[in-house]
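Asks: If you want the building blocks of each chain, they are given just below.
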Amino acid sequence: MAEPTKVGIIACSGEEIPAGTISRQATRRVLELLRPQSTVTLCLPLFLAGEEQERRFARQHPTITVDGCDKLCAKRGTEQYSGQVAASLVVTDILGSRVEKCHRSTRAFDKADEEAVWAVAERIAAEVDTLASRASEPAATTSSGGASCGCACGGKSAEGSLRVNGETVTVPALPLIFDHVHKQGVQSGDACQDQLLDMVRIYHAIDPCEEQLYREAVAKAYTEYCQRRPQGVAEIE
Amino acid sequence: MERSDPKEQMLVIPCSGMGKVQGLISREAALHVADTLMPGAADTVCLALLVTGDAATRAKVQTHPCVTVDGCPKLCAKKNVELSGGNVALGVRVYDTLKRHRGAAFGSPTTLSEEGWAAADEIAAEIVCAASQLSREREQES
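Taken in order, these protein sequences are the chains called A and B.
Just so it is clear: in the first sequence, position 92 is 1521 by this note's numbering, and no numbers are missing.
Just so it is clear: in the second sequence, position 20 is 26 by this note's numbering, and no numbers are missing.
Take the hints with a grain of salt, since some may be wrong.
Listed next, the stretches of chain B that the computed footprint assigns to chain A, with coverage defined by at least 3 CB atoms under 8 Å from CB atoms of chain A [stated by the list, open to error]:
| hint | region |
| --- | --- |
| 1 | 20 to 28 |
| 2 | 56 to 65 |
| 3 | 92 to 104 |
| 4 | 127 to 138 |
Because the hints were derived from the structure by calculation, they are not lab data.
For each residue, glycine too, the CB sits at the ideal point set by N, CA and C.
Using the sequences and the hints given, assemble the complete structure.
Replies: Now the structure itself:
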């Protein structure tokens, strides 16, 4: 059964203002507590610095941007490099004058900050639910190669799995990583292990003590992917 | 590019990476310097605003000494300040500091543990120390 499409959440994390801190903390709360199974995040500076994998990931997922202020850095940056976002939230719009009681360092967080984080997180979660329900409706999506539809329609799930130390581990964007590497002409084998691992690490935390296990697992999966080409388009289970 | 005055406000710019505890440490270290250790003498700018090309922010990094604080080897803060024509007087790498505390649990990308706060404070103190040294050197030069 196909897994539901993940929703990408990109926070501005603006350092100058408390609302930037709220954008970051609220996004983290959705990822960790409210919708951990259906959301992922991207690192905005890395995304804007030109990491093609990150930009491609955002092109293929419905994306919510969470900006601290009306300068809309996260929204503008995402739309510049990856197309229209599915939803744009602005902390100051959600909180109004309540944001004036917030702090820019979590060191100084108090009840006002906590309430602000919850209020924004709940708005993000509501948007995630709306997008998820939209994605589950029958729609005119491309039947093959849909991974590059270029909009936030929630087409194909861009997730793959690895067998690591006998356990199945879900890795966001794995099919896209393999597509990208394959298009670069990278052959399967030992030489590509570190390159693949570095890309997987962007989307999936890897414990340093499990690094070698992941290195071997991702290389094996890529070999299998290459053997299946050109019949399948990144059909990783 | 004009030369920075040693008495000018210093900008401390963290990467604030979303996915790792190092990102939060970079952010909290920078804010500790700007808000507590060097209030008035240091401040920060939004990295996202800089990277999206905001003219006022670009001008600011071009005319003030900058300290970048990066959580991972991708060095997003340092690279983006340099790409914007900024003067990186000091590039701090959080992971270098954390290596000195192997085995410590620093917390998560959302919340720092006691050891995480200690690491942020240690980095902040290093920034203040380096800023003082830099200031002395520039005063001697001028």
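Asks: Report the numbers of all earlier hints that the structure fails to satisfy, in ascending order.
Replies: Going through the list in order, the structure violates hints 3 and 4 and respects the others.
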